[in-house]
Amino acid sequence: MITKDYIIRAPEGIHARPAAALVKLTRQFKAVIQLQKGEKKVALNSLLNLLSVGAKGGDTISLFIEGEDEGVAADAMDRFFNDLKE
Amino acid sequence: MNTKTRKFLIATHGALAGGFRSSLELIAGVGDSVHLLQAYLDESSPPVDEELARILAGAGVDEEWVVFSDLLGGSITNQLVQAAAGKDVHIIAGFNLPLLIEIVLADPEEPIAGILEAAIGKAREQLVYVNSLINLKNDSENA
Chain V
1 MITKDYIIRA
11 PEGIHARPAA
21 ALVKLTRQFK
31 AVIQLQKGEK
41 KVALNSLLNL
51 LSVGAKGGDT
61 ISLFIEGEDE
71 GVAADAMDRF
81 FNDLKE
Chain A
87 MNTKTRKFLI
97 ATHGALAGGF
107 RSSLELIAGV
117 GDSVHLLQAY
127 LDESSPPVDE
137 ELARILAGAG
147 VDEEWVVFSD
157 LLGGSITNQL
167 VQAAAGKDVH
177 IIAGFNLPLL
187 IEIVLADPEE
197 PIAGILEAAI
207 GKAREQLVYV
217 NSLINLKNDS
227 ENA
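Order-wise, the sequence lines are chains V and A. Residues in the first sequence are numbered consecutively from 1, following my numbering. Residues in the second sequence are numbered consecutively from 87, following my numbering.
No wet-lab data here; the hints were simulated from the structure. This list has only true hints and no planted wrong ones.
Ranges of calculated distance between the beta carbons of each label pair, as one might list FRET restraints:
hint, chain 1, residue 1, chain 2, residue 2, range
1, V, H15, A, E196, 20 to 28 Å
2, A, Y215, V, E68, 40 to 48 Å
3, A, N217, V, R17, 21 to 29 Å
4, V, T60, A, N217, 25 to 33 Å
5, V, K85, A, N217, 28 to 36 Å
6, A, L112, V, I7, 25 to 33 Å
7, A, A101, V, L25, 27 to 35 Å
8, V, E68, A, G104, 36 to 44 Å
9, A, S109, V, V32, 22 to 30 Å
10, A, Q168, V, G54, 38 to 46 Å
11, A, Y215, V, I7, 26 to 34 Å
Cβ coordinates follow ideal geometry from the N, Cα and C atoms, glycine included.
Next comes chain V alone, as it looks inside the complex:
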């Protein structure tokens, strides 16, 4: 399993449009990807899971990536969160 930590740099946090993009990205991989903020941990296969976390600009979140293509998935998550600025 790969674990990654990110600081959300987009001022509006993970709102509807980036959340939808993240769910669509997650679906491209066989790996199970979970996101944690504080004590709340959710699977990234659901937009409503993701919105329920309420990740705001400046928050730190962790990703847990597990599965046969976890390396590729982790690289894609790196690109996504590094590019998330709006």
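Given the coordinates of chain V, work out where chain A should sit on it, guided by the hints.
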């Protein structure tokens, strides 16, 4: 595992369905994946039962349909129930945008019944009186 092609229909009184599709496209980029039935828009609109029969003709063979209707007890939902009889059609009345997005983005290989049950539960949580939520948060911070 689901092997049928999953299709989506939004059926509403008037142009509401088109508005939902516009929002779906803006947020998730998948507006083209849903069909529309905007009933009673004008006198030239075809009868709802005929439109439903045409749209849902392939349901049950190689297709499963998820239909979002606006009002439980409304004429469109009532006609949907008749049009869906014996077919692989799943009707959700009183839907909201969170539910629509959640279901359209769901894994098409996952069985639909489980997706719908989970999504409806989560979408209900999105119906919130935000002022009360803010007051609750302020109260807890000031306590």
